[in-house]
Amino acid sequence: HDDAIRVGYFPNLAHAGAILGVEGGYFADHLGDVDLTTEVITAGPDAVTALVSDKVDMAFLGPAPAVNAYLKSDGDVTLISGASSGGVRFVARPELVESGDFSGAKIASPALGGSPDVALRYWLGDEGYAVDVPDAENGVSVVPQEPGQSVGAYASGAIDGAWMHEPFVSLLEDAGAEEVVDERDLWPGGQFATTVLVVRTSVLEERRDDVEAVLAGLVDAMDAIDSDPSGSRAIVASFIAGQTGLELDPALVGKAWSSIDFTTDPLEDTIESGARRAVVQGVLDSADLDGFVDLGPLTEVGGSE
Amino acid sequence: MPETTTISRAEDGLDRLEQTSGDRPRIGRAGLRILAAPLPAIGAVAVMVGVWQLVFSLELQPPSVLPSPAEVAETAVDLARDGSLVEALWVSGSRAVVGFALSVFVGTLLGLALARVRLLRAALGPLVTALLAMPAVAWVPAAIIAFGFTDAAIYSVVLVGAVPSVANGLVAGVDTIPPLLHRAGQVLGARGWTMVRHVLLPAALPGYIAGVRQAWAFAWRSLMAAELIASSPQLGVGVGQLLQQGRTLFDMPRVIVAMGLVLLIGLVVELGVFGPLERRVLRLRGMALR
Amino acid sequence: MPETTTISRAEDGLDRLEQTSGDRPRIGRAGLRILAAPLPAIGAVAVMVGVWQLVFSLELQPPSVLPSPAEVAETAVDLARDGSLVEALWVSGSRAVVGFALSVFVGTLLGLALARVRLLRAALGPLVTALLAMPAVAWVPAAIIAFGFTDAAIYSVVLVGAVPSVANGLVAGVDTIPPLLHRAGQVLGARGWTMVRHVLLPAALPGYIAGVRQAWAFAWRSLMAAELIASSPQLGVGVGQLLQQGRTLFDMPRVIVAMGLVLLIGLVVELGVFGPLERRVLRLRGMALR
Amino acid sequence: MSGDDAATGAEPGAVNLNHPGVEPAIVRLDSVTHEYGGAGRRVVALQDLDLAVGRGELLCLLGASGCGKSTMLNLIAGLEDPTRGAVTRPESGAALMFQDSALFPWLDVTTNVELALRLRGVPRRERQQEARRLLALVRLEDAAKRRVHELSGGMRQRAALARALAQNTEVLLMDEPFAALDAITRDLLHLELLDLWRELGRTIVFVTHNVREAVALGQRVLLLSSRPGRVIGEWHTADVEGHGAQAAGIAADITAALRRELERHA
Amino acid sequence: MSGDDAATGAEPGAVNLNHPGVEPAIVRLDSVTHEYGGAGRRVVALQDLDLAVGRGELLCLLGASGCGKSTMLNLIAGLEDPTRGAVTRPESGAALMFQDSALFPWLDVTTNVELALRLRGVPRRERQQEARRLLALVRLEDAAKRRVHELSGGMRQRAALARALAQNTEVLLMDEPFAALDAITRDLLHLELLDLWRELGRTIVFVTHNVREAVALGQRVLLLSSRPGRVIGEWHTADVEGHGAQAAGIAADITAALRRELERHA
Ligand SMILES: Nc1ncnc2c1ncn2[C@@H]1O[C@H](COP(=O)(O)OP(=O)(O)OP(=O)(O)O)[C@@H](O)[C@H]1O
Ligand SMILES: Nc1ncnc2c1ncn2[C@@H]1O[C@H](COP(=O)(O)OP(=O)(O)OP(=O)(O)O)[C@@H](O)[C@H]1O
Ligand SMILES: [Mg+2]
Ligand SMILES: [Mg+2]
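Residue numbers (this note's numbering), protein chains in the order written: chain C, 6 to 310; chain A, 2 to 291; chain D, 2 to 291; chain Y, 49 to 314; chain V, 49 to 314.
In isolation and in its complexed conformation, chain C is listed as follows (with noise of 0.2 Å):
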């Protein structure tokens, strides 16, 4: 097969593995003669828009999108590896901290229906709290929106916490937040998908050779994260850096990056039950995920589990 394969990622620290496996040549190496075309895209929507209308043939992305895109594709897309886990918390005013109690409060999500977004409303729901009910004694409000603004939403006093990924979490701190939950802490085994890879059917279909490729480069990527972390680190910040014109703060990229761990582990159950609680809470209108995961050609070239 001489088309190139083309695969999506964003430029951020979640998708450390598909960056060193791109930056380290891990891909390439694997994929032989077969052409690697990367795309770097910047929202999870374009992401989900580029997979299905054929724009590229695997992504790197949220659970939320990916299921949302399997779910609204009736089954165009495949999950076939994680990527990374946890890097998820909810920091809040130390008062708030102190007195544990958020009633009245405003946390900030990413994005509607987004895995962070979901999994607040659930705790929040199992505190006692009424979500969305601003009037009600216990009430609290969500305000879904883009991570970047809520740490200056939280430095003008618009919000008075946030449920986020890195480095969101780490920026809010900095602005004098504090931890209430690391969300690690409430799953089992203390590990939730945050970044998964995805792709198209067809494409696993009929050229399982050269996704097994991508696969295998992933895993070695792993590896190097695993056994050169600092020297990882380094390549991810300057793609990012070269990538964006963002120089990040060295100690940030440090603090981030030891709350999120690397793993191909898809940790399926964790989607699941997030799509339950999603259906649970008007955002999808199914989790039936029957077929979504296939972590045959995972098995194949020897990844985690």
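Derived from the structure by calculation, the hints contain no laboratory data.
Incorrect hints may appear among the rest.
Said to hold, decoys possible - Selected chain V positions facing chain Y (in silico; Cβ < 10 Å):
| hint | residue |
| --- | --- |
| 1 | 111 |
| 2 | 113 |
| 3 | 258 |
Unchecked claim - Simulated restraints on C-beta separations:
| hint | chain 1 | residue 1 | chain 2 | residue 2 | range |
| --- | --- | --- | --- | --- | --- |
| 4 | C | 254 | D | 147 | 33 to 41 Å |
| 5 | A | 278 | Y | 89 | 15 to 23 Å |
| 6 | A | 280 | D | 102 | 29 to 37 Å |
| 7 | C | 291 | A | 269 | 29 to 37 Å |
| 8 | A | 55 | D | 287 | 47 to 55 Å |
| 9 | C | 181 | D | 81 | 28 to 36 Å |
| 10 | C | 291 | D | 102 | 44 to 52 Å |
| 11 | A | 61 | C | 234 | 41 to 49 Å |
| 12 | C | 291 | A | 49 | 31 to 39 Å |
| 13 | C | 181 | D | 53 | 23 to 31 Å |
| 14 | V | 140 | D | 287 | 23 to 31 Å |
| 15 | A | 273 | C | 254 | 47 to 55 Å |
| 16 | V | 294 | Y | 184 | 35 to 43 Å |
Claimed, not checked - Here are some chain A residues the structure puts well away from chain V; computed CB gaps all over 10 Å:
| hint | residue |
| --- | --- |
| 17 | 43 |
| 18 | 49 |
| 19 | 51 |
| 20 | 53 |
| 21 | 75 |
| 22 | 76 |
| 23 | 81 |
| 24 | 98 |
| 25 | 118 |
| 26 | 123 |
| 27 | 125 |
| 28 | 238 |
For each residue, glycine too, the CB sits at the ideal point set by N, CA and C.
With chain C held as given, fit chains A, D, Y and V with the ligands onto it using these hints.
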């Protein structure tokens, strides 16, 4: 041989109605004309839907990417049933009207000041035009810092988006006033506000309407961005959020319904407000009779 | 008692230069005038920076939320040093120019068609105005579906944002042409294209320029949204991404630098292109001499 | 028709074709009615008007202000279509010099004239020279490079005249072309116009308020009534040229007819 | 100054103040020069012009097309400032009837006139009646509700006249006000204007190309030269009214002076 033209207006059919009604309003047919005005536009939309159905039938894209008109209509009906369609129209529509009205007010004052005060024009004129190009999202951080998650934040983004456009339109309108009319006003003793009220504003009206029409678009686009500041129940779910939700959930029918709402509101405003207003203004001045 | 006015133009100081230069270009001083044109605008910007410094000094907001002018300047210098400032200006600037030029071309053709063909006007005119209000992000999915992550996707979003504005401007310009000039063209034997070329386009020019100026703003705003479709070293990092990155990490100095770039480009285009063009057109017609 | 007694010819409208020396009609209006405005505010500008202008004729039109003279020229030039009736227009179109000069404000005097030449199909090289010739004819050489807004009222009118002459059509319609000119310049242009008419055999319809001008210039003078506009008087003046007293007599006749017509409305 | 021999008075400009029956000057131009355009294309419209208009005078201005008559009225009305020299303007401003009617196209005939009344401070109730009176004066009752674009050229001019009269200022400047009117309507309006002048004691500066009109109307007639524009002839015509032969003689004089002036430039 000389050519002979015989034309009898008595023979005019309904199909000549549009052509002759420009300078010849006919009593009794006026109502008919108002009802008939949106017909060609509706026809154009129908043709577009037809093309869309055709493309859909060719299966160039999977249905999840390019849904059929029927599916989108179904989504629209669903959204209408659970009230979110009406809510979105009401939330965004009322915000747009209020924000636009404020913008027209502020922009008109600013435009008048720019048009009349030479130094102000030199200092702020280029800045106002440059501001026109500022994307609405750029103002979002400032709006949140200043106003938090309130309607005030949304309105401030709308204002800063639409005011320069109104001001620019008015300045352009004033600039193209025939100097003779200005002089006539001077001779009649119009000064300061009376000059503005009785000469400059009416003379600049056609250009001003063109500017205000574009300002409506700026206001609406800014509103769509401002509505993404946050989706919170206090703020209500507008068309902007509907669009955003559709994008986030990769729900193409929802995206298309939201786009349809934008078009619908645009059509209603154009056919109901700007179009008739402009035609009236031009007709009374004997313009655009071609 | 009658009042007596004695005015000697020989006494005019430099401060009267602006006032008299409208209809009296002076050789030798022309160069001076071009150099002096941006001064008032620069003064206005300086005043704004002063106010900003004052607000900063009052410590109404923490410095992370409202950085000082000095800090922003530092960020700008850093970005300039590592070349990203120039890159952003170049990437977005070149895209804007190309996209805008395309939009003007397509929009002018569309506008002419709408202005001349009555049925087309009735069918598509309201739709074009309604499209004006469609936020650029709404087109992003369609652009990706059609073109993937390419420059074509970006340009398509820019076009669909700016073309309706150009077309509308031209239609408004044509609508406000004094009918007498159209008749004069008819009598001189101008028909079809010669009428358009020799009468309609020049006569509509002032209104058209006003429309094109707004279209530039639409094009630029759409570009800022379209640049977020994809970032890649091949495509380069534009002003839109710079702004987005600043927003993403709540890096206010970066946000403000990006906004400054938008303003800067806007000012350069206004002071270098639209302003002089408009003044020239109006002056040659004896308009806007007040 | 109170003005009829002042007319020297037969029934108005069809006359001129039987008149010796005038060729067959190049312009005809056959029971033309023209109305402006819609139901509520209809203005009948012309009613059942018959007119024939012979090829090569110089016809002067007189009439009270607002009686429909400009409307008639618009109909002949094809700028309006009659509400009822038929208009026969010259095949090659007609040049019309508007009552308001209607110059293009984005062009200077020379390019205004050159545009007319260009639209007529005159090659580029000849245009410049021809424009210069026409501007000299109307005594505007000095203002050749001025914009329209830099001209005085009379200069604007002369520029419009040059432009109309540049069209070089068989029929030339002139709507009060010399109203804003001083007596001497007007006399000069009368002579130029007569030269043009004689040498090139153009057909000219000339609207004026100056009765003496009409008598001096025209081969035939028509008087229009107002509300409704129709022909109420006709004078053949081709033969009175040079006969001062006779011309003065006709002028007095016409003025009297015009006065009667206006009194009828008072 | 080739026209001087035709003048009956002393040096132009200062004369009228010594002339019996003319009150002290209400308008003065003292060695006024007015230039249009910048360095490259300067046009000297008026040069070192002296003029004094007495309170209550009816002054007629004649001159070749483009000699600077409209410029002079603009200077007096305060629409332009002189390049050099001093202009003394009437305190209460001056009404100016422009050469192009300059009506407001967004208003109809009545509201155009009413606006002038309103800007003068006439209370709302009286405006309507006064506007109707003025429109009757100019014979435009029938077109009271028409828009400007629905008027004929002469009707537009009459509407502009009504508007200028509505201003009711001490000084009335009129720039070829009757050029587009038929002879009879013009005569009627001459009489109305003279009534106004006599009864209300207004000061009127009247620009025209019609020499006979100037002689018939004016107390004093000035002839301007062109390039540069200055006064080259002056005739006192207050006493010739009613004396047909004498008036005709002066008119012939003026025409001759005008011809000489134009020949000087040919
Ligand atoms: N805005 C202007 N810019 C440049 N030149 C001008 C301007 N207005 C008038 N002129 C010139 O000044 C001179 C005098 O013009 P003005 O209008 O005063 O003449 P006029 O005596 O009123 O002539 P007419 O009888 O033709 O109306 C003319 O040569 C004219 O071309
Ligand atoms: N566009 C129009 N709409 C309505 N009425 C009009 C229009 N144009 C002209 N009229 C009316 O038609 C009548 C004839 O007008 P026209 O311009 O032909 O008169 P005219 O003979 O040229 O007069 P003048 O000598 O004053 O120029 C007038 O009563 C005028 O008000
Ligand atoms: Mg007329
Ligand atoms: Mg003049």
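Outcome of the hint check:
Against a cut-off of 10 Å between C-beta atoms, the interface hint on residue 111 of chain V holds, since the closest Cβ of chain Y lies about 7 Å away. Contact between residue 113 of chain V and chain Y, as hinted, is supported at the beta carbon level, the nearest pair being about 3 Å apart and thus within 10 Å. The closest approach between the C-beta of residue 258 of chain V and any C-beta of chain Y is roughly 8 Å, which is under the 10 Å cut-off, so the hint is satisfied. The supplied range of 33 to 41 Å is met by residue 254 of chain C and residue 147 of chain D, whose beta-carbon atoms lie about 39 Å from each other.
Separation of residue 278 of chain A from residue 89 of chain Y is about 21 Å and conforms to the stated range, judged on CB atoms against 15 to 23 Å. The hinted range of 29 to 37 Å is satisfied by residue 280 of chain A and residue 102 of chain D, whose Cβ atoms lie roughly 32 Å apart. Here the CB-CB span from residue 291 of chain C to residue 269 of chain A is close to 36 Å, well matched to the stated 29 to 37 Å. In this structure the supplied range 47 to 55 Å holds for residue 55 of chain A paired with residue 287 of chain D, their Cβ-Cβ distance being about 53 Å.
The beta-carbon spacing between residue 181 of chain C and residue 81 of chain D, approximately 32 Å, falls within the hinted interval of 28 to 36 Å. In this structure the hint that residue 291 of chain C and residue 102 of chain D lie 44 to 52 Å apart at CB holds, the actual value being about 48 Å. Separated by about 46 Å at the C-beta atoms, residue 61 of chain A and residue 234 of chain C satisfy the suggested range of 41 to 49 Å. Between residue 291 of chain C and residue 49 of chain A the beta carbon distance is about 32 Å. The supplied range of 31 to 39 Å therefore holds.
Between residue 181 of chain C and residue 53 of chain D the beta carbons are some 24 Å apart, a value that agrees with the proposed interval 23 to 31 Å. In this structure the supplied range 23 to 31 Å holds for residue 140 of chain V paired with residue 287 of chain D, their Cβ-Cβ distance being about 29 Å. The given range of 47 to 55 Å is respected by residue 273 of chain A and residue 254 of chain C, whose C-beta atoms sit roughly 54 Å from each other. A hinted range of 35 to 43 Å for the beta carbons of residue 294 of chain V and residue 184 of chain Y is consistent with their spacing of about 39 Å.
Against chain V, the non-interface label of residue 43 of chain A holds: every CB pair exceeds 10 Å, the least being about 32 Å. With a cut of 10 Å on Cβ distances, residue 49 of chain A stays outside the contact zone with chain V, its closest approach being about 38 Å. For residue 51 of chain A, the non-interface assignment is confirmed: its Cβ lies about 42 Å from the closest Cβ of chain V, beyond the 10 Å cut-off. With a cut of 10 Å on Cβ distances, residue 53 of chain A stays outside the contact zone with chain V, its closest approach being about 44 Å.
The non-interface label for residue 75 of chain A is consistent with chain V: the shortest C-beta to C-beta separation is roughly 50 Å, beyond 10 Å. With a closest Cβ-Cβ approach of about 47 Å to chain V, residue 76 of chain A is found to remain outside the 10 Å limit, as its non-interface label requires. Every C-beta of chain V lies more than 10 Å from that of residue 81 of chain A, the closest at about 43 Å, which supports listing it as non-interface. For residue 98 of chain A, the non-interface assignment is confirmed: its Cβ lies about 27 Å from the closest Cβ of chain V, beyond the 10 Å cut-off.
Non-interface call for residue 118 of chain A relative to chain V: holds, since the shortest CB-CB distance, roughly 20 Å, exceeds 10 Å. Consistency note on residue 123 of chain A: stated as away from chain V, and its beta-carbon is indeed over 10 Å from all of that chain's, at 20 Å minimum. Residue-level check passed: residue 125 of chain A sits 27 Å from the nearest beta carbon of chain V, beyond 10 Å. The claim that residue 238 of chain A is not at the interface with chain V holds, since no C-beta of that chain comes within 10 Å of its own (minimum 43 Å).
In the structure shown, no violation is registered for any of the earlier numbered hints.
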